[in-house]
Amino acid sequence: MTTIEITPAIVAEHGLTPKEYDRILEVLGREPTITELGVFSVMWSEHCSYKHTRRHLATLPTKGPAVLHGPGENAGAVDIGEGWACVFKIESHNHPSAVEPYEGAATGVGGILRDIFAMGARPVALLDPLRFGPPGEGRNSHFIQGVVKGIADYGNCIGVPVLGGELSIDPCYTDNCLVNVMAVGVAKHEELMTANARGTGNPLVYYGNATGRDGTHGATFASKELSEESEEDRGCVQVGDPFMGKKILEATLELIRSGKIIALQDMGAAGLTCSSTEMASKGGLGLHMDLDKVPQRAANLSAYELLLSESQERMLAVVSPENLEVVEGILAKWDLGAHVVGHTTDTDRFVVEHRGAVVADIPLQTICNELVWPDEVEAVASPPETRDWRDCGTGDFDWAEVLKTALASPHFASKRWIHEQYDHQVQTNTVVRPGVGAGVIRVRGWKGLLAMTTDGNGLWCMLDPYEGTKCVTAEAARNLVACGARPVAVTNNLNFGSPRKPAGAWQLQESVRGLGDACRALGTPVTGGNVSLYNESPRMAVFPTPVIGMIGVIDDPAHLTAAAFRSEGDAVFLIGPAATHAGGSKILRDRTGVIPGPALRIDMDVEKNVQETVLELIREGLLTAAADVAEGGLLVTLAEMALNSRGGLGATVNPPSGVDAGAWLLSEEPSRFVVTCRAGNVAGLMLRCEGRGARFAQIGTVASGHLEMQGLARISLSEMRASWETAL
Amino acid sequence: MGSGGVVSARWAVVVFPGSNCDQDFVHAVRDVLEREVVEVWHKDAVPEDVDCIAIPGGFSYGDYLRAGSLAAMSPVMRSVKEHAAKGTLIIGVCNGFQVLCEAGLLPGALMKNASLRFRCMDVYLRTARNGSPFTDGFLKEGDVIRIPMAHGYGNYYVPADQAEAAGRQTLFAYSDADGGVEVGTNPNGSVMNIAGVTNERGNVLGMMPHPERAVEYLVGGTDGLNILKAMDANAVKTGAGA
Chain A
1 MTTIEITPAI VAEHGLTPKE YDRILEVLGR EPTITELGVF SVMWSEHCSY KHTRRHLATL
61 PTKGPAVLHG PGENAGAVDI GEGWACVFKI ESHNHPSAVE PYEGAATGVG GILRDIFAMG
121 ARPVALLDPL RFGPPGEGRN SHFIQGVVKG IADYGNCIGV PVLGGELSID PCYTDNCLVN
181 VMAVGVAKHE ELMTANARGT GNPLVYYGNA TGRDGTHGAT FASKELSEES EEDRGCVQVG
241 DPFMGKKILE ATLELIRSGK IIALQDMGAA GLTCSSTEMA SKGGLGLHMD LDKVPQRAAN
301 LSAYELLLSE SQERMLAVVS PENLEVVEGI LAKWDLGAHV VGHTTDTDRF VVEHRGAVVA
361 DIPLQTICNE LVWPDEVEAV ASPPETRDWR DCGTGDFDWA EVLKTALASP HFASKRWIHE
421 QYDHQVQTNT VVRPGVGAGV IRVRGWKGLL AMTTDGNGLW CMLDPYEGTK CVTAEAARNL
481 VACGARPVAV TNNLNFGSPR KPAGAWQLQE SVRGLGDACR ALGTPVTGGN VSLYNESPRM
541 AVFPTPVIGM IGVIDDPAHL TAAAFRSEGD AVFLIGPAAT HAGGSKILRD RTGVIPGPAL
601 RIDMDVEKNV QETVLELIRE GLLTAAADVA EGGLLVTLAE MALNSRGGLG ATVNPPSGVD
661 AGAWLLSEEP SRFVVTCRAG NVAGLMLRCE GRGARFAQIG TVASGHLEMQ GLARISLSEM
721 RASWETAL
Chain B
1 MGSGGVVSAR WAVVVFPGSN CDQDFVHAVR DVLEREVVEV WHKDAVPEDV DCIAIPGGFS
61 YGDYLRAGSL AAMSPVMRSV KEHAAKGTLI IGVCNGFQVL CEAGLLPGAL MKNASLRFRC
121 MDVYLRTARN GSPFTDGFLK EGDVIRIPMA HGYGNYYVPA DQAEAAGRQT LFAYSDADGG
181 VEVGTNPNGS VMNIAGVTNE RGNVLGMMPH PERAVEYLVG GTDGLNILKA MDANAVKTGA
241 GA
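Chains as they are written, first to last, in the working numbering: chain A, 1 to 728; chain B, 1 to 242.
Just to be clear, a hint being listed does not mean it is correct.
Taking lysine to any residue and the SDA-like style, the derived pairs with C-alpha atoms no more than 25 Å apart in a straight line are [said to hold, decoys possible]:
1. B/43 to A/324
2. A/149 to B/43
3. B/112 to A/416
4. B/43 to A/520
5. A/188 to B/119
6. B/112 to A/728
7. B/229 to A/444
8. B/112 to A/5
9. A/447 to B/30
10. A/333 to B/62
11. A/333 to B/43
12. B/43 to A/210
13. A/415 to B/65
14. A/149 to B/30
15. A/333 to B/65
16. B/112 to A/145
17. A/149 to B/176
18. B/112 to A/153
19. A/149 to B/41
20. A/149 to B/81
21. A/333 to B/41
22. B/112 to A/726
23. B/112 to A/419
24. A/415 to B/176
Derived DEER-like restraints, expressed as beta-carbon distance ranges [to be verified]:
25. B/32 to A/136: 53 to 61 Å
26. A/538 to B/182: 49 to 57 Å
27. A/711 to B/32: 34 to 42 Å
28. B/43 to A/721: 49 to 57 Å
29. A/445 to B/85: 55 to 63 Å
30. A/297 to B/122: 37 to 45 Å
31. A/298 to B/180: 37 to 45 Å
Think of the hints as simulated: they come from the structure by calculation, not from any bench. These numbers come from a predicted model, not from an experiment. Here a beta-carbon is modelled for each residue, glycine too, at the ideal position from N, C-alpha and C.
All chains should be modelled from the sequences, with the hints used to inform the complete structure.
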């Protein structure tokens, strides 16, 4: 084997700073081999080490009575009652999808599902929040179609329904689409598994796909800005095999249920290196690995490639020697080999042999836990250039045209074209199908219903990353409350530009601070998440886009409430503060191309009170429908409640006097719900709102066949439907 | 759970690697229909004493080569063919339909949807005839049921010289809510809107939509339960599996 000389250029290519390289020399007391350099490079990448975000993430609330496993495991786990646990996590595949949308998205699905079943939970749902530039411009349509098909083909084949997500369109995502995927699983408490290795001399069992060259260095790749040369990084994108994914899913659950496994992790980012060292590190152990035992699907793979490959559908388990035979038997049933590629040691060293030579010998805790903190970049408050919403022409709007144009835009249009490509009913637990607020499933053997949502809003967070992130988090909770669920816990995907720039550093810091404050106020701990930085090109950076995944519990299935008008004559109420402005309006953004100000502000006490009020109204059986007011304001909320209704229901509503119609219809200010109730329950609703000090206003009545905003516009349901359903 | 001396049907659900609707079928039979059900791994044989066999949906063997083609050659299918020959009621749903066509137990083949896209939605099916053990006593000619479908390869095709026979053997056709069968109600391009078809003898049914997904009000309605109940009742009546 020829020895590769480590030059400053090679160090830089590995994304390591001179300071980091000096630390490597110090730790090893010699120059690293190229293999060792690769190991440090991936383990100290942002993707694996969170070196730019760890100090921010450390401020998030991660504890609560329901939390069973917080950040640090493959996925978070919370107690949902009666001995059941919900395991959930969100992850991004932004960079791979920007290079190869189909495989990038498909492997994103496969990876997050492995995180869920590695915890011992059966995956029961997927949600896919997606963000792209406008379709029809450049290659955006190519990205949208490829990503949707990638998610569909993987999810459909492995048999996990897609229950929700978003398709959000803004020019800021043209060069860097955001492809996030959240997965949700369920397990009994005693079935949960962790990634803490124990005991020395225990074999490391590798099973699943053989290792190839695909995805070598994906973690480092995901921690760089995309450039013109990114096309050349195509080798970094992995290829998914959902059939193998399904086999290792079933085999893994069977292994865990057998009780013969000590620890388990999937080989995700940084492959064999990260999965093995993380498990050993958690158990305070060392590792001895023999790469010649790794099943290989390409000839002449180097130690470097074997350690860093991100070939998909591979798992690594720590097993005690006496249980090896049982483990081999279970894997054989699924036509999977059990490959012992190494064992745990008591040395605190990560020792790797290949073709009879030691190719790496590194202190294990150093690569896992001893980061060289990057030089702090001074965070500089960098609010964007905005235009006040009053200067966006709302005074002259033809509101019927405004609504029809919005409904016909890909952002607000019916997503049926997408949802139909996903098998959203496999497993036969789907109670609320995608496209109508939060996704809801039943869990066989458990009395409640599980609700789930993802929400993001780059525009709000661009205006003010702190307030915007709080508003997004609150919106996710409102989505759950609207269907009758109490919010339980949060996972988050932080999609940002470069943290090495003052503006990016500020956005990241402020956004995480907002997330923490919102979660503390809502009582929803953060159980995990993912960070995707460097979502920028030489031309543009994405808006700061934290995506919040939240799960909730509907304690009694009778409380399930739809975001759709139910009966003609029902009273329509707006619960929550009065609208004051239309800053952050998506409709104004789309019509003008500017960033409409001012930024949204949220009072978390008001938010919490409004949520609790609506939940109480639902639990007392007073409501016939509930929806939260968010993107598109009251205008789009009312339209969606009509479009989602059965039997063609709309509403007649009366704008309050003395309030600007633009603010009333477009405001995306937080803490507001539209609810309906039977005429006989109007007094009961008002009494309860008064009792809790929640502001309310009766704004109209459910009507048949049209949406009328008196004095402003009247649109037939068929006109709305024509715009809404034909756009995508 | 037969009582009063009535013998209840025994069910088997075949499981291939890559099947993903097998547990849905087991749930429908065991928990909703309240019948005994055995899961049969693809390397094993279906026990001789079962009355009803379900070949579930999913992506058996990853649908590599062609949807259902590898599963059709797996060891378990020898016993399925023996059961077919002696009159056991066999239902193949979605991927199971594809497997039965590939195994030669049903006429025709399933091609990629005319839209070229996977489609998941509820569809209306018109019951095409009377006198089938998959419907008798629960659905009659002209009855319409609403059940979910979810597939990328559901475009049913038979060559022209078999079309007339396939037409006679059709049990369900894609329709509108009132039972109208026309081009506009065809979700995937299937010839003659065929959603479900039996073999000539009538004891093997293949259908793309999923009756096992429509057996409870909470999750998709109960229209599909008619088919499972009919199988359950008629299998024992004819004593096919005995």
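Is it true that the CA of residue 333 of chain A sits at most 25 Å from the CA of residue 41 of chain B?
It holds: about 10 Å lies between the C-alpha atoms, which stays within 25 Å.
What's the verdict on residue 43 of chain B and residue 324 of chain A, does the C-alpha distance respect the 25 Å limit or exceed it?
Given that 25 Å is the threshold and the Cα spacing comes to 23 Å, the pair holds.
Can you tell me whether the CB distance of residue 32 of chain B to residue 136 of chain A sits inside 53 to 61 Å?
violated, 47 Å
For the pair we were handed, residue 415 of chain A and residue 65 of chain B, check the Cα-Cα distance against 25 Å.
violated, 32 Å
Can you let me know if the beta-carbon spacing of residue 538 of chain A and residue 182 of chain B is within 49 to 57 Å?
holds, 54 Å
Taking only the CA atoms, is the gap from residue 112 of chain B to residue 5 of chain A under or equal to 25 Å?
With Cα atoms ~54 Å apart, residue 112 of chain B and residue 5 of chain A exceed 25 Å; violated.
Quick check on a hinted range of 49 to 57 Å for residue 43 of chain B and residue 721 of chain A, using CB atoms only.
For residue 721 of chain A against residue 43 of chain B, whose Cβ atoms are near 51 Å apart, the range 49 to 57 Å holds.
Would the pair residue 415 of chain A and residue 176 of chain B pass a check requiring their Cα atoms to be no farther apart than 25 Å?
Roughly 23 Å separates the two Cα atoms, so the pair holds.
Below or equal to 25 Å on CA atoms is what counts here, so check residue 188 of chain A against residue 119 of chain B.
Violated. Residue 188 of chain A to residue 119 of chain B sits at ~33 Å, over the 25 Å cutoff.
Please work out if residue 333 of chain A and residue 43 of chain B have their alpha carbons no farther apart than 25 Å.
Answer holds: residue 333 of chain A to residue 43 of chain B is near 9 Å, not above 25 Å.
Beta-carbon spacing of residue 298 of chain A to residue 180 of chain B - inside the hinted bounds 37 to 45 Å or not
This hint is violated: roughly 56 Å between Cβ atoms.
Between residue 229 of chain B and residue 444 of chain A, does the CA-CA distance stay at or below 25 Å?
Distance of about 22 Å is within 25 Å: holds.
Checked against the numbered hints above, the structure breaks hints 2, 4, 5, 8, 13, 14, 17, 19, 20, 25, 27, 29, 31 and satisfies the rest.
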